[in-house]
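Produce the entire structure from the sequences given, and follow the hints as far as they go.
Spelled out from the first residue to the last, the chains are:
There are 2 protein chains.
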Amino acid sequence: MIIQKSTSPRISSFDPENFSFGDTFIDHMFICEYDNEKWGEPRIVPYGPIGFSPAMMGVNYGQACFEGMKAYKDENDDVFLFRPEKNAKRINKSASRLAMPEVPEEIFMKGLQTLIDLDRDWIPKGEGMSLYIRPVIFATEEVLKARISNKYMFAIVATPAKSYYSAPVSVKISDHYSRAANGGVGSAKAAGNYAASFYPTKLANDEGFDQVIWTDDTAHEYFEESGTMNVFVRINDTIYTPKTSEKILDGVTRDSFLKLADKKGIKVIVGDVKVKDVVEAFDNGTLKEVWGVGTAVVTSVFKALGYQDRLLNLPILSETESFALSLKKDLTDIQTNKAEDTFGWRMKVEKNILEEA
Amino acid sequence: MIIQKSTSPRISSFDPENFSFGDTFIDHMFICEYDNEKWGEPRIVPYGPIGFSPAMMGVNYGQACFEGMKAYKDENDDVFLFRPEKNAKRINKSASRLAMPEVPEEIFMKGLQTLIDLDRDWIPKGEGMSLYIRPVIFATEEVLKARISNKYMFAIVATPAKSYYSAPVSVKISDHYSRAANGGVGSAKAAGNYAASFYPTKLANDEGFDQVIWTDDTAHEYFEESGTMNVFVRINDTIYTPKTSEKILDGVTRDSFLKLADKKGIKVIVGDVKVKDVVEAFDNGTLKEVWGVGTAVVTSVFKALGYQDRLLNLPILSETESFALSLKKDLTDIQTNKAEDTFGWRMKVEKNILEEA
Ligand SMILES: Cc1ncc(COP(=O)(O)O)c(C=O)c1O
Ligand SMILES: Cc1ncc(COP(=O)(O)O)c(C=O)c1O
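Those protein sequence lines, which keep their order, are chains F and B. Take the first sequence: its position 60, counted from the start at 1, is 297 in the working numbering, and no numbers get skipped. Take the second sequence: its position 177, counted from the start at 1, is 414 in the working numbering, and no numbers get skipped.
Hints may contain errors.
The list treats identical chains as interchangeable, and a pair is accepted whether it falls inside one copy or across any two copies.
DSS-like cross-link-like pairs, simulated, lysine-lysine; straight-line CA separation at most 30 Å [to be verified]:
#, residue 1, residue 2
1, 382, 242
2, 496, 511
3, 275, 439
4, 513, 501
5, 382, 330
6, 480, 439
7, 588, 382
8, 496, 362
9, 242, 347
10, 585, 496
11, 480, 566
12, 382, 496
13, 362, 500
14, 275, 347
15, 480, 513
16, 399, 388
17, 585, 326
18, 362, 585
19, 439, 388
20, 362, 382
21, 566, 399
22, 382, 323
23, 480, 326
Hints are computed from structural coordinates only; laboratory data are not their basis. A quick note: this is a predicted structure, and the numbers were derived from the prediction, not measured.
In structure tokens:
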């Protein structure tokens, strides 16, 4: 690995109490380029621009996929990643579906750990604080032909993330737009899936909703996901979530919630979640909670569901009554090293990896 | 418009008899940036790299769409665009579906004409030769948040295109993968649509097919498109093509074929094209031709259709018997100023636009 440290680091001017999420970047980034059918020398370089022409294939044909993961700092300033091997596997699943080369797991893990160790001072500490990490692979060849690119870049960039209380949101159950096709790329974290969701989300926003619950494109009868999160429904004391498929992203938070619920003795059913059944449960008073899960906010509690012309206002549950919130606490306690890690999910980022390398 | 001419033009080393399509770029490119809710000053600059970090939203979230169009040089070295207003409209239709700002038609047209005029020496002359032009809009903000970008670039780049005889191809009628969802972005020239098609196309290639005929994702009962082209089927002497919808790109070549067929007195039916009906026509000997149409190759004749375990070998028709080939000739004669332009489709690129500007 080649390391080119920043000669003008910005860390001294970083205020962990006051920064903007998403566009405050840590001092360095990790990059590795693919050409001639192989990955080149991994490098850590100062965060910043790289030269691409508007003919870049990643931009023109959307051959690009990414991951979203976090690093957490505990009371003793130790830094932990959460199930990073899941993200390493998933980026390669996404890459394969988009006919892109897989990134060897060692390159992913070594790059990730070295970068996070080097810029560990950028990780804010305290309740809900973290570093949001973005691994991304994209086609870099500059050719005006709609075909598989021969050149790629794998990069990791990161931004400090704030503790933010996520207020309960209203979501619209989609009855026209969709996120995924049968035989499409819904199970991949493909760049194009996100752009496709912006306009329908904007329309829902205009109607007063915060997010869209995506349903099957054929007849809008089944829940798929919510916004950029997996979705859970609680009817009486049983929780339901759609099974993963080629249309649904296999979320790390979803999987962790399933394991934590099971450990807690909550009954979980993974399978079809019918819009009709959810509405029926609302009508007969058995619908207790609906929520989304994902790395960014961990849990987003829904206060209302928009279904056709109706607005289904959900009960407001206390932190002890709510499965969504108690599972969220179980999860974040493990992530931030406040609870025993019985599943072996935390991975400590060792210090001074660079000097050993 | 700001013009920054190349100080080291490559045109003198360009050999119109021997160049590589797609990665030979003309000396200049057109760019215009969007920020603060408005488009800035349009510019023509030397073709080359621009600095973007791996956090660029166009790459991460696929907020990017493009056009593909051509300029043709006639015997007298006059240069013509073909129905460019269609591409100007379509890029904005695509942009809207991806929650991107529209490019004002004047910026599109003026940029296009000025660039093509300036680099007109790059347009190769002769049978089938042209300049392939790529307008593209992409999100340039560098933020790790899955939301609509606030910054964009509209660019036009171009590459000389060769006369290439396109040999008849074998295509596979898709029975699992799909290109578009109901309520999705299939009718947009969205970057992500192309990446999504690469892997299924590669699988079809591995089975010996050149392209995929995309069918509806629900039950694979209806033809949608073929590869990156619209599709036509001829049964007896009637031609059929799917009607445009939110799943099908409204192709300029398709529209032109429909108008030319009509003029020729060929019976055309625009509506559902059922896989079952095509196979049945093959079996009873009435299936005469199946072909794809698009700007790149104008017409791609299919020699065989792969359907489930069968290979349907299509008849080989002469240039006079074939509707595909006679319509192709009608169209290319208009494009290259060899035939009267009764529809008003050609747009001449005036000389020295720049000096007047
Ligand atoms: C479409 C989509 N669904 C679900 C998720 C949740 O996945 P994870 O829990 O791995 O963050 C994400 C990413 O956050 C996503 O982008
Ligand atoms: C998906 C798709 N369908 C059809 C076409 C044909 O459109 P046009 O005739 O405007 O080139 C294209 C572009 O070439 C395309 O990308």
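Each hint, compared with the structure:
no.	hint	verdict
1	382 to 242	between (37 Å within a copy, 26 Å between copies)
2	496 to 511	within (23 Å within a copy, 46 Å between copies)
3	275 to 439	between (41 Å within a copy, 19 Å between copies)
4	513 to 501	within (28 Å within a copy, 52 Å between copies)
5	382 to 330	both (24 Å within a copy, 22 Å between copies)
6	480 to 439	both (27 Å within a copy, 28 Å between copies)
7	588 to 382	between (45 Å within a copy, 29 Å between copies)
8	496 to 362	within (27 Å within a copy, 66 Å between copies)
9	242 to 347	within (17 Å within a copy, 45 Å between copies)
10	585 to 496	within (21 Å within a copy, 66 Å between copies)
11	480 to 566	within (24 Å within a copy, 52 Å between copies)
12	382 to 496	between (45 Å within a copy, 28 Å between copies)
13	362 to 500	within (28 Å within a copy, 72 Å between copies)
14	275 to 347	within (17 Å within a copy, 42 Å between copies)
15	480 to 513	within (17 Å within a copy, 32 Å between copies)
16	399 to 388	between (35 Å within a copy, 24 Å between copies)
17	585 to 326	within (19 Å within a copy, 53 Å between copies)
18	362 to 585	within (15 Å within a copy, 63 Å between copies)
19	439 to 388	between (34 Å within a copy, 17 Å between copies)
20	362 to 382	between (47 Å within a copy, 21 Å between copies)
21	566 to 399	within (17 Å within a copy, 62 Å between copies)
22	382 to 323	between (33 Å within a copy, 21 Å between copies)
23	480 to 326	within (19 Å within a copy, 41 Å between copies)
In summary, the structure agrees with every hint in the numbered list given earlier.
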